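Peer 1: Spelled out from the first residue to the last, the chains are:
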Amino acid sequence: MSNSSEIVLDVDHVWKVYCRNLKRAMWYGLRDLGREITGQGHDRTVTGLRPGEFFAIRDANFQVRRGECVALIGPNGAGKSTMLKMINGLVRPDAGKISIRGKVAALIELGTGFNPILSGRENIYINAAVLGIGKREVDRIFDKIVDFAELEDVINDPVKTYSSGMRVRLGFSVAANLRPDLLIMDEVLAVGDVGFRMKCFAHLRELIKEGVSIIVVTHAVTMLRRVATRSIVFGKGKIVYDGDLPTGSTIYEEMMNVPSQASERREEDQASSKARIEEVNVLNEQGQPQLEFHTDEKLRLQIRMSAREEIRNARLIAAICSPVHGKVASMSTAYLDFQFDLPAGERTIYLEFPSLPLLIGAYHFNISLYGPEQTDFFQRRTLQGNFRIVGPPLLGDGRGLGGILKLPHRWESD
Amino acid sequence: MVENRSIANDDPAAPPASGNQSAEAAEGELDSASAATVDDAQLTTYSAVSEIRTPIKLCREIVHDFVAGRELAWRLFIRNLRGLYRQTLLGLFWAFLPPIANTAVWIFLQSQNVFQIGDTGVNSTVYILTGMILWQGFIDAFQSPGKLLNSNKNMVAKLKFPRESLLTVAFLETCFNLSIRLVLLIPAFLLFSVPLHLSILLAPVSIFGMLLLGLALGILLIPIGTLYQDVGRFVTMVLPFWMIVTPIIYVPSAEFPASLLNWVNPAAPLLIVSRELLLYGGTNFGMLAIVFGLSAIVLLLISLVVYRVSLPVLIERMMA
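Those protein sequence lines, which keep their order, are chains A and B.
When you number the first sequence by the working numbering, it's gap-free, plus one each residue, and the end is 414.
When you number the second sequence by the working numbering, it's gap-free, plus one each residue, and the end is 1320.
Hints in this document: simulated from the structure, not taken from any laboratory.
It is possible that part of the hints are untrue.
Sample of chain B residues facing chain A (criterion: CB under 8 Å; computed from the structure) [to be verified]:
#1 Q1042
#2 S1050
#3 R1086
#4 L1090
#5 L1092
#6 A1095
#7 K1153
#8 G1225
#9 V1231
#10 R1233
#11 V1235
#12 L1239
#13 M1243
#14 V1306
Here are the simulated DMTMM-like cross-link-like pairs (lysine to aspartate or glutamate), alpha carbons at most 20 Å apart as the crow flies [what the hints assert, rightly or not]:
#15 B:K1158 / A:E187
#16 B:K1158 / A:E109
#17 A:K23 / A:E53
#18 A:K23 / B:D1230
#19 A:K238 / A:D414
#20 A:K274 / A:E292
#21 B:K1153 / A:E53
Bear in mind the structure is a predicted one, so any value in this text is a computation, not a measurement.
Positions of the beta carbon are idealized from the N, C-alpha and C atoms, including for glycine.
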């Protein structure tokens, strides 16, 4: 670990091996137990994988500084939760080293250890004990916990009579009293009502101000903008991006956007042999291919097509889509009375957005090519022309824009 | 490998040093970061190297976690106890019922000459009841670590806490259940006029040894039992036979080769000795008791190390 006391967590070239086959996993477990007990635990990158095994984490390498809030994002099975479990000391790395300076606390499953038959009051003491908070301390902060959870009226009722939201509130309220150096959270903020969530975010911001480092795993990336400043994107066990949250979240959205071979084959099957969409490119103001844009920038879409024979009055429909929100907008050549013919051979058409009204996120185009009649369908190509909006940053504190569109608007008073 | 060591902290505003794993945590001193300024910050390191390669540190951590987890263990013990009887009509009576029912069945069978109990020297009801209570205690100690780990699987797989506390809970529950069952002996002794001997004061030592042995064997089974359910099924299948080869409802044989059973059956020696100390004022199996008592301690220490080093491997599979 670096000498700098500002570094709270150092993940140093960490690898983790898992096995998907249950029977094999058990058998390997038995052999690994033997190795552990005889002190032969070893670096798995040296010995290699056994049949059925795969690297759930591959060479992960990052550091977290004091007071930093980092979001681990990525699709399911990308390795985020495995990484969190290793940082929490639940499972060990198979190679590499994780060093943590100071105290770690985890909000992995709120209310773990609750006994539904017992009252909320009794369960506060149990949950606190699980989290390492002693009775004297709970006695001192008991009213604060109940107040934060907003459960004064039902605190003596059995927890089994609580709604799931009430249980989460109780769990979070107990955990909110932890003051670790590193707080790790896994998907706990996606629950509870909006009011309580805002309260949790406010609490987390308070912790960050106090110098607590936070690592949070969630799929609700939009919500993270309220607290996180940095993102580490995992894909198939590898860190594919480590940097600011807006870029990280767009990369994550793109990762959910990979076309399947089946969908590509389907599109190919449905295509007519008369005309095709050959290529779609996203260009900047200067006509150069570009991936990253800012809101209000100019974007030009280049659509290269080919036809076997001349097609008069062809039509195009272009839809801008977000992998998270679906279709954002679509536009056709016919709407603006733009008419074009496809000669035998190739032709390129441009679609220009002088001032892109999209906010931070990942986007792509779905393009459909038609003939003059409603039934003259030639080809539809999805997931084309991927691009990202990476700025300006969206403020998560209710003082900026939200959603995915920047709409022209003004405020007035009477 | 998990390393916990203190390093010089050059950040004067750094939060307190103790970890989730620390004794301070269990003492309830997890207060706000601003409340304390410390010179040292705890550095925890996780790597692929087996913990067992640093045995002294490993033992120190086991002891540390037993201490750190004592309040949690007490909370979980109370939680389980309250939860156990809160939704029942008969409440604590359920703790007494199994040995009473078992004894009643065996006494009935004996009265029908289905089996010969032998020369017990005391009333046969008291003899069988004592044996039953002790056997139940041994089996509770043997089974409770696995049951506790299994019922708290979710917590173990998701949260870092002193896992040794679960073993403490297992032992506390076993002791509690055995203690309330032993209360049954008071009316039985009075009813059947069993004389009290001074040796009864030594019985707790022997019973303690018996429970430690059961606990150690139970903990040793956890790694393989967590991986393969076959172990649990095998134990369930074997238990009735194990009870029959243990001299609970008959007098232990002193003749070879039947006496060999007293040596190879881990449940037998300390159970026999405990019962003799309770009923007869002395025992002929003193040497056997000492050998098994010492073995229990050694086995328990080994089992604690095995439990500790196997948990990360088991947790990986629990989550699968």
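Peer 1: Look at each hint and say if it fits the structure.
Peer 2: Checked hints:
no., hint, verdict
1, Q1042, "6 Å, holds"
2, S1050, "3 Å, holds"
3, R1086, "5 Å, holds"
4, L1090, "16 Å, violated"
5, L1092, "16 Å, violated"
6, A1095, "18 Å, violated"
7, K1153, "11 Å, violated"
8, G1225, "11 Å, violated"
9, V1231, "11 Å, violated"
10, R1233, "15 Å, violated"
11, V1235, "18 Å, violated"
12, L1239, "24 Å, violated"
13, M1243, "29 Å, violated"
14, V1306, "6 Å, holds"
15, B:K1158 / A:E187, "13 Å, holds"
16, B:K1158 / A:E109, "7 Å, holds"
17, A:K23 / A:E53, "12 Å, holds"
18, A:K23 / B:D1230, "13 Å, holds"
19, A:K238 / A:D414, "55 Å, violated"
20, A:K274 / A:E292, "34 Å, violated"
21, B:K1153 / A:E53, "24 Å, violated"
Checked against the numbered hints given earlier, the structure breaks hints 4, 5, 6, 7, 8, 9, 10, 11, 12, 13, 19, 20, 21 and satisfies all the rest.
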